[in-house]
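Residue numbers for the sequence shown follow the numbering used here, beginning at 184 and rising by one.
It is possible that some hints are incorrect.
[To be verified] In the SDA-like style, the derived pairs of lysine to any residue whose C-alpha atoms are separated by at most 20 Å in a straight line are:
id	residue 1	residue 2
1	K399	G378
2	K364	T267
3	K342	G378
4	K403	K438
No lab work stands behind these hints, which were simulated from the structure alone. Keep in mind the model is a prediction, meaning the values are calculated, not measured.
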Amino acid sequence: NALSKANSKLDQAVKQQDQIAEAMALKEIALIHLTRTFNYDSAIKFLVQALAIEDLLQRKDKLVFTYLAIAQVFEKVGNYPKGTEYLKLALLLNESQHNRAVDALILNELGKINASKGQVEEAFENYQLVLVYRDEIKRPKVDAEALFNLAHLYTMQGKYNEALQNHKLALAIRRSINDKKNEAQSLNDIGELYGLMKNAEKAMANHLVALEIRQKLKDKKGIAESYNNIGMEYYHQKNFNRAIANLDLALEAGKESGDQH
184 NALSKANSKL DQAVKQQDQI AEAMALKEIA LIHLTRTFNY DSAIKFLVQA
234 LAIEDLLQRK DKLVFTYLAI AQVFEKVGNY PKGTEYLKLA LLLNESQHNR
284 AVDALILNEL GKINASKGQV EEAFENYQLV LVYRDEIKRP KVDAEALFNL
334 AHLYTMQGKY NEALQNHKLA LAIRRSINDK KNEAQSLNDI GELYGLMKNA
384 EKAMANHLVA LEIRQKLKDK KGIAESYNNI GMEYYHQKNF NRAIANLDLA
434 LEAGKESGDQ H
């Protein structure tokens, strides 16, 4: 339904020769493919088309977000050099816009790519800079993302107490702004962290709460992740019947979500 509506907007914009509306519709279609159908080839195709129009019209404020979205696609497919390239283009272009909130968004993404490349110190710098900007931008969601990402960096380093502290700070912010989807993600990742800390009881408790939220949201991809993690917890407890039951539910939800990962 979302794709059908977005395609209708695109057709209308083309008929009216409204290039601004055409670029917006192209990006809307691309973002649906990026976040919902997980068809990354289609996402990049529509983003490149939007980029060409915005470049022609010199829409610098819009180009920044298009670069950011393209970088996210490259990050999803593991092409980190290309992702970094587009994020740096976005940062450079945003200098003239003087928009610190957008800088923070870009830095969060750059930090994730640096972490994926194993460049931990660079990633730390990216996230810490976002937190330096927090008073200026006043965007709790962006703060929470930086803290969440910092928690993962500490986990990579085996600093589990520091990781847990940052996860809990991110979780508190997400709860305060009623960001249910990311609240569930925080709980899921705290559950995984407790698993690494060999605290099976707290790991299971967090996964179960995350699952409950995701079921209310009808987030099939998240539901699959939660059932998978619960299944693995039962597996580690050698409760194989419950492990299989939950892993079957994970598989079913995964198929329904359309995500092949």
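Here's how the hints hold up against the structure:
1. Taking the CA atoms of K399 and G378, the gap is about 25 Å. The hint is violated against a cut of 20 Å.
2. A distance of roughly 27 Å separates the Cα atoms of K364 and T267; the hinted pair therefore is violated under the 20 Å criterion.
3. For the given pair, K342 sits about 14 Å from G378 by alpha-carbon distance, which is consistent with the 20 Å threshold.
4. With a C-alpha separation of about 9 Å, the suggested pair K403 and K438 falls inside the 20 Å cut-off, and the hint holds.
Violated hints, listed in ascending order, are 1, 2; each of the other numbered hints is respected by the structure.
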